[in-house]
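*Asks:* One letter stands for each residue in the lines below.
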Amino acid sequence: MAQAKAERVDAVRALKDASRVAVISFFLFLPLIGLLTQTDINNVLILTTRWPLLFSWVGVIFFGRFVYSLVIAPWMAQRAMRPVAAAPSPWRAFVGKWFIPFAIGFVIAYPAIVIFGSGYSGALKWIDNFGIQILIYVMLGWGLNIVVGLAGLLDLGYVAFYAVGAYSYALLAKNFGFTFWLLLPLAGILSSFWGILLGFPVLRLRGDYLAIVTLAFGEIIRLILINFVDLTNGYAGISGIPRPSFFGIPFNADDNGFDATFGLEFSPLHRTIFLYYVILALAFITAFVTVRLRRMPVGRAWEALREDEIACRSLGINTTNTKLTAFAMGAMFAGFAGSFFAARQGFISPESFTFLESATVLSIVVLGGMGSQIGVALAAIAFVGGTEVLRELDFLKQIFGPTFDPTQYRMLLFGFCMVLIMIWRPRGLISTRDPSVFLKERKGISAELTKEGHG
Amino acid sequence: MAEASDTVLRVEHLTMRFGGLVAVDDLSFEAKGGSITALIGPNGAGKTTVFNCITGFYKPSEGRIALKHGDAALWDALEALTDRGERHFSASGGALFLLERMPDFLVTQQARVARTFQNIRLFSGMTVLENLLVAQHNVLMLASGFTFLGIFGIPSYTAAERASIDKAKFWLDRIGLLDRADDPAGDLPYGAQRRLEVARAMCTNPVLLCLDEPAAGLNPHESGELNELLLSLRDDHATSILLIEHDMSVVMGISDHIVVLDYGVKIADGKPQDVRNDEKVIAAYLGVADEEVAEVEAEVGL
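Residue numbers (the numbering used here), protein chains in the order written: chain F, 1 to 455; chain G, 1 to 302.
Note that these hints are calculated values from the structure, not bench results. Hints may be right or wrong, so weigh each one.
To be verified - Derived pair list, reagent style EDC-like, types lysine to aspartate or glutamate, alpha-carbon separation capped at 16 Å: (1) F:Lys-443 - G:Asp-71; (2) G:Lys-32 - G:Asp-71; (3) F:Lys-440 - G:Asp-182.
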């Protein structure tokens, strides 16, 4: 009797809750879904209403919220009451121990796996669009991770250094005929030079102010690339950039080309596989150097700077130099990635270096968990791989009709995933900090104690 | 007890103005080598401002702050150094530094003045051990060839890192936190955080250690332990200590010399027993009866 009454009270409460949410969503969706502007044959704008669609959405939300507050919310509350298991499960320990070796083995074997899986002709897409594209972003993410994740300096103009690297390679290779292997380090050096150049005036700024100035710097570089037409060819970009060779042996169908030299049948796939291993090696170098630097005094000073700048100064650390090295390091890796990007594409234009790129790389770092290299790599895979996967969902056309294009929903899904992750894991996928040194036992440090830095 | 020998820090006519507010007004005092000098006074008397001037966080409006390493005879070179407009002067017997001319990080790096903060400033997301290694940044940076050599793992850097870990272990043992070396500093209880901050400052090899209210928020047992720690820093490590403190059991118990500030002006300067009985100090701390205000103000010079 009493139980039945309690259930009725619960149902009424859920009904009220669902009605409230439905009313809110009605007003929210009224302009978004309910009203549609169209041009008729006379080119006049007419307003049409879509009441059935609007009410079906509101109905879905009403029903969903009702189920949520009646069933799911009490279930989650009950689950939260349960005591947490004291010891971590053996499965978790196993994953923790073997994840990195397995991941390294997988990325090394990836081209072979893909060729085995989808044949010689289908492999190109998987290696190029997925493998190389993701690895470029992994490398950019790791580079920015030094600046944002370790040193705690919010940099919104990171793409500027990527652009400097790409244009350095394109211009020097085209005009002077230098090779890829010479220009790769040179592009890194030039980018870090620009990083230091930017750093000197702006590093006295902190937090939001630093973010705005770096954002402006990113735009300045892009506008220079657009307007310095004599050098950069403006919007039209630079085409015909020399492609990297296999230690002097070009990838072409000639008799002295790569395929002929090694007695293989000519295939454009060989160049792609080669590029895949180049970017893989570059990414490994980035990861290795970062891991090494974290255990060096400079790396600890970066993290100390993120934790408390004033305490750093009281310990005799030159904070200006420390920030500059973080900026230069991050910029250098962006320069490497940029020159690789130019060499891989054979064509670059300012279009590739918009603010959206900076925002994407920053999102990868934040979603991955600031400071965590594995987190950043996972976020890059989810981000870049996710958008590529959307192109593969052709079967959805059979459900939603031939005009349905899943890639159009990229940004919507993107934002939705971001909100979900920020609810569940506000400090990123992997937020636990790994200490750089330990006496007896390596203990992860909870994200509640680490700081995000204030510039 | 070490003999209170020659002067190590000399503050002369220090004045610090923030706009129209005079936080410190024409303050002069000295701190002797191998002794504990306490700086006391009611809230807002300008004690922390003096600390910030000494450690380079503020540039004083006027005045000179000079620090000496080594030989007492070096003080003779002070005027010449001031006139030359340079920051420091080194000779075979030691060195002389004009702290008001140095940026904050050089005050620690070269003049070897270390400090702690009133509101604890540990690197809370780093482990206790890491906190102590960050404090040895400059030594390790040099050993790692400014990172370039260290990244290839040269043996001399590995040895230097091991030495710095040993030093950290020594200090952790001293403050009783060796068991917690691998825990994040932010997880430590309050009293342990205070001790860790002192140990972190000691890892920079200071000649002068400036402690801003190290006993604030400690219980009587903990502040007793702190007293012993500070006395041993003075006696065993030949470190001069400059101390801001409100806890009179600490101040009277361990200080060799006390300077009293009120409204940025020095009102007393002497041995603990003298300061304790000083009328102006009593007036500043306890207040005076209404009819005596004019009399005391005239005496203080207001």
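*Asks:* Now tell me if each hint is right for this structure.
*Replies:* Hint by hint, here is what the structure shows:
1. F:Lys-443 - G:Asp-71: violated, 47 Å
2. G:Lys-32 - G:Asp-71: Within the cut-off at roughly 13 Å; holds.
3. F:Lys-440 - G:Asp-182: holds, 7 Å
Comparing the model with each earlier hint shows a violation of hint 1 alone; every other hint is respected.
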